[in-house]
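> All chains should be built: construct the whole structure from the sequences, respecting the hints.
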Amino acid sequence: MTLSAVVAPATSDGPAPRRGTIGGSSSARLGAASGITLGTAVLWLSLLVLLPLAAVIAKSTAGGWTGFWHALTAPGAAQALRLTILSALAVTAINAVMGTLIAWVLVRDDFPGRRLVEVLIDIPFALPTIVAGLVLLALYGPTSPIGVNLLGTQRAVAFALLFVTLPFVVRTVQPVLIALDTEAEQAAASLGAGRLATFRRVVLPVILPAVVSGAALAFARAMGEYGSVLLISGGVNHARVSSMYAFQQIQNADYAGASATATVLLVVSLLVIVTLDVIQRRAARRG
Amino acid sequence: MASRLAAAPRLGLRAVALGYVALLVLLPLAVVVWRTVRQGGSAFWAAISSAQAEQAFRLTAIVAGSAVVLNTIFGVAVAILLTRYSFPGKRVFSVLIDIPISISPIVVGLALVLVYGPYDGWFGASLHSAGIDIIYAVPGMVLATTFVSLPLVVREIVPVIEDEGFEQEQAARVLGAGAAQRFRRITLPTIKYALAYGVVLSIARSIGEFGAVKVVSGDISGSGQTQTATLLVDARVEQLEPGAYQVSLVLIAVAVVAIVVVSMIRPKEERA
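Chains as they are written, first to last, in the working numbering: chain A, 1 to 287; chain B, 1 to 272.
Derived from the structure by calculation, the hints contain no laboratory data.
One or more hints might be untrue.
[Claimed, not checked] Covered by chain A, per the in silico footprint, the following chain B stretches (three or more residues, Cβ under 8 Å):
1. 28–34
2. 39–47
3. 59–66
4. 181–191
5. 197–208
6. 232–241
[To be verified] Some chain A residues well away from chain B (every beta-carbon gap over 10 Å; in silico):
7. S27
8. A90
9. R221
C-beta atoms are modelled at their ideal positions from N, C-alpha and C, and glycine is treated no differently.
The structure is reproduced here in structure tokens:
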């Protein structure tokens, strides 16, 4: 549900062009009051976000490039980063497919309890991550009522990441599917295209930017996830993700080591934001 | 909308989608709710009314409340700046505001400790010697929570102001309405549903913040407690103390209420 705050759905046949775009000719120049407001906002953003993030990068490179590399390839750090990247990639791929499928079912299918499913899809966004972890531990931990114990396994990490990234692709694809006319699909079907061919040639090209946007956000979230993974990973080394490693280094007052891992996570986040910006601009131009 | 698909494949897709959501979300939630109910009302009451739990809920309210107020003021001001004014560096400014949304909470916590930490932080050391503590205290927890929910209000309001256009605002300006009057009479009625939506999202996000607050709060229990509700859940699970399910149930209820409220605001906003 936080999604709409970040991604306007990247539809290629989106709403009519907005009248006043950012930087449009109708914008006023800054006066005294608005100038002071802007100054205060920039100062606040710098103190809260920019300087602290700069401090992370500065700390990670304080020992030079070799120091950074050394911290990143320390056994615990490298192992955690490997698990984080691999599980984030796998989870993103699974939820890209499942998210598209769920969005399709929610838009094109009608069944009792559809509204309940809509609420369930938003739960991973709204639930505190530690509660998400506890909830998963209740069903898939040592006290599992169905006898499945994933505690302390890499599969448990992937499972937690699947949970927290579930809504991203669903919520980016859904509005595009709603806006998509079924006429083109009907035409394709009447011309003899099979169901798979219709999906691949007619539907997929339209929803692909939305799938990619959702997947990019899901990947960023999975790379940095902490709370939901914490409990079910059981604190064992081979199920420790990068944010857990960074936390442990902070506890050990090894800020340089924590900063090296944190810098990698930070760069991934920035890349995702830039990618989304590019996708949205491209979709807006085409529309 | 009626589907073109034949019944069998449609039912198959439906079963896969619903089965996935059930295994991932519904069943785990149901187990927690059922176990909490089974432990009974007195266990529930004891778990959420202990001195530690009361202080945790109070801290969560203070921290989340402060963060929401800060982000609402920042969000409205920045949204108006981005839509109604032109200034150099506007696009960079706009992108920078989005940064917090995809950053690991641990990175957020670490970043704040490096600048405001009491011993070797860039500013924190001198603030500490001046008697002002930010990290391992409430101000740092507010900063961390504000950081993670920073873009939520801005991003809800900006598209609404853009869609509304500038004619009314400009007419009011020409007719001599002051900034405060223009805001109260024109901007506020335009953005009220988007603002409400953004505020609800911020409340849910702020109450639920865990990782960043865990780093900057020092997770202190006992006297000088900096343990919020989410940190208390973690502590109770890891120390095998009872009461984690009960506190979680309160937080689950808050999340569900937030989702329902948002789904009630959403259609109004689209109609407006």
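> Are the hints correct? Go through all of them and say.
Hints, verified against the model:
no.	hint	result
1	28–34	holds (count 4)
2	39–47	violated (count 0)
3	59–66	violated (count 0)
4	181–191	violated (count 0)
5	197–208	holds (count 6)
6	232–241	holds (count 4)
7	S27	violated (4 Å)
8	A90	holds (15 Å)
9	R221	violated (7 Å)
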